[in-house]
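Taken in sequence, the protein lines are chains Y and L.
Numbering follows my numbering, in which position 183 of the first sequence is assigned residue number 183; successive positions increment by one, without gaps.
Numbering follows my numbering, in which position 158 of the second sequence is assigned residue number 1158; successive positions increment by one, without gaps.
These are computed hints drawn from the structure, not numbers from a lab.
From the three backbone atoms N, C-alpha and C, an ideal C-beta is built for every residue, glycine too.
Since no wrong hints were added, every one of them can be taken at face value.
Only part of the chain L face toward chain Y is listed, based on derived beta-carbon distances under 7 Å:
1) Arg-1159
2) Tyr-1206
3) Ile-1218
4) Glu-1235
5) Leu-1243
6) Met-1253
7) His-1257
Below, computed lysine-lysine pairings styled on DSBU-like, alpha-carbon distance capped at 30 Å:
8) Lys-1430(L) <-> Lys-187(Y)
9) Lys-32(Y) <-> Lys-1222(L)
10) Lys-1426(L) <-> Lys-1383(L)
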Amino acid sequence: MGSERHQSLDSKLAILADAAKYDASCASSGSKSTRKGSQIGSTEGMGICHSYTPDGRCISLLKILLTNYCIYDCQYCVNRVTSETPRARFTVDEIVDLTLDFYKRNYIEGLFLSSGIIQNSDYTMEQLTLVAKKLRKEHRFGGYIHLKTIPGAAEELMSEAGRWADRLSVNIELPTEIDLKQLAPEKKKPEIVEAMTGIKEKIDERKSDQKKGMKPPKFAPAGQSTQMIVGATATPDNEILKTASELYTGQRLRRVYYSAYSPIPHADSLLPGKSPPLIREHRLYQADWLLRFYGFEVNEIVVREDLNLDLEIDPKLAWALQQRDYFPVDVNTASREQLLRVPGIGARSVKRILSIRRHKRLRTDDLKKLRVAWKRTKSFVITEDYNPALADLDRGDLQRLITPPAKQLTFFDTFDAALRGEL
Amino acid sequence: MQTITIKDFEDWRRVARTLIANATAPSEVQLFEDDGQQALFTENPQPLPSPSDQPGFHVPSRFLSLAEAVGCHRAAARWDLLFRALWRIKNEQRNLLEIETDDDVLQLTKMEKQVRRDTHKMKAFVRFRKVVQDAEEFFVAWHQPDHRIVRRVAPFFSRRFSGMNWTILTPDESVTWDQQTLDYGRGVTRGQAPQSDELEELWRTYYASIFNPARVKIKMMKSEMPVRYWKNLPETELIPDLLADAPRRVEQMIERHEGFDKTADDFIKRSSDQVNTLPVLKQMAAGCTACHLHCEATQTVFGSGPANARIVLLGEQPGDQEDLAGDPFVGPAGQVLDDALHAAGLDRTALYVTNIVKHFKHTLISSPETSRPPRGKKRLHQKPNAREVRACRPWFDAEWSCLREAETLICLGATSATAILGPGIKLADKRGQVCSSDYCQQTFVTWHPSAILRAPNTAARESKMQQLIDDLALANEAV
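Taking the hints into account, I'd like the entire structure generated from these sequences.
Encoded structure:
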């Protein structure tokens, strides 16, 4: 590990940001109030995206690794020990300074720090925590800090990390034990889940102390999140969503991120060499929303026999097409739960409908004004006026009426469009 | 028709209150923007009746926050629209704002949303540049918001950068924070703002590196970061090049692989009617070409010992002599192992002895003249890497599943200990105790016999040998 000392800050940043980009999470939300005594930085609940890269992802946090040296050999990961990727390591002070310099210019909301595992879990966790502690104590930094915690690290280290960070996360990485065994034999699901449970218990503990009138130090006020890689193994969507659902209820995670397995440089030959399944990732996020905000259960959402989500249509529409008996729903009398199940109507529109309903009866025009996705909604709802599209509800070819078969956009088509005229 | 010019939100509020008090209907009045020019077109603007001393009236608080936001909007029609809505709330429908499909409400909420979005984007896209004057740091930004939102956003920046001197310059208005108070001033032109900052190069490096060329979503980027903001964002100049280079980079990612296409698993034939036995596996392993190690090795060195062994010894890989003989632990390290086993009271013929890697990995070096007569090249042992271990491991897995009576697994050396117990294992810490692994409740780790051969001096050699003997004896007791 001698050569990294001679690397410039610029080349280290290039390597260690590149190595961090496969982590989907960039949220900087959830910490409702700024830490007391902060000189630089604030957290006011809502995160801010300071820039966007051409992959459509936001830059909210300075997302880097402390180092991409790693003793593990996880096959999906560019940083695995057997990869020939160039390596680098930041010092703690380099990260502290870089975070402050970027923050003061309003480039970022804060820091998302992760690391390859060097020496062992405890040492790595200690180094990560040191960065957060220095930012908070020496520089009175009040911006957002997300630390990736290392499964298997000692409990005291987790407590210390939670004290300085807004959010902690442990990546579950792959949806099932079998997937882990195949691609990350050194990672164990029980160990990962245990780490999450540890964080959850500390958050709960703090809350109950607070209720008793005590003033405990902060512990990860923005909760915890995780990431699952999708498409690196053959595991179907219903297994992925089941795992997510367990994590939401069992570990009370704030967010589960789904990351379409993206080809990585220096990929191992055992992995699929293909473009990332972005549409599948999108459908999983839609399904995730249905679980969290729309009152759906996993076994309702996945309706196909191969246990995957339909890539052509969104999961709510897929469900509705199978459950025609549930419809039509009368927008002027239906309950909130019923309205939430109508294709094309989002949770916010439901709220508006309920509020308008107190004063007037809704017509088809009103729904259009609310910008519901009328094309998807129209055959499923009764409105005050005549809705001719309702006649299509029982048609066998309703799906085709709603979504004419579109040319599947390939990965390189998007590029083409990009290069042709858009820019 | 009465025409009134409005300076700002407070002005509108005062005028609206008076108009309502005087029962003036929206159709009887026109509210104009006072931007210094409007007066030219306004015919005889009538002075307002003096503020009435009639009691005020209450509007829903939602209306007030809506009106404050809409007041920042640049559309000239906003004052009329706000007044009409206010009048309707007062006279027609107190809950007007709840009816979001109403055309006035629709338009107002749309304007509110635009202002809110612009406010949010200002928080996001202001880019400070550092200026040092008299050894003091100042951070100055140039920003062009869509609407007149400087005063709406400035308090946010004062909370966020409370310990910093900063200024935000916009064409309409400027604001400065001196770590105590916000001070508003006139608008300026772009040329009056600092033109660069040394950190921007590093920021662009970050921007380029965090972009994943395998996921291009330009529409998404543009909807969240509209092109009109790009001219003031130092990172956006990279976008065309990043996009142009993306297809090439992705192709490279997809084509370039490391590692081996196969693992030992691909060489293990399984049939439903017959269970593979150790001799059958040994035969299959003889033809294994999963990794490249077979190219330079003489033969596969499979494990040896009875299928009913209760103790299994797992080493790293065969050495020079093992490679020639085709049996594990028959060279100098094998001799050390035999001695240690003997001292620990173990009978080697009752044990199963194998390696986690089954081919001899080595490098050829010129034999040093001093030690023995020169005879060209010597084969020097090389430690197998994690990738080779992974490719070969299925052979051990298969051996293990044949060893039905195995109760104890002893890992000799760090390579096999890491393979069995996971990375980060320190032999010195873990030896001399029972560990549990996925293979076996009773897993032990100890020195590899060759570590004893390599020990720097007699004392170290003797102490390591004693530890090896102790560990073997401990494992034996556990059976």
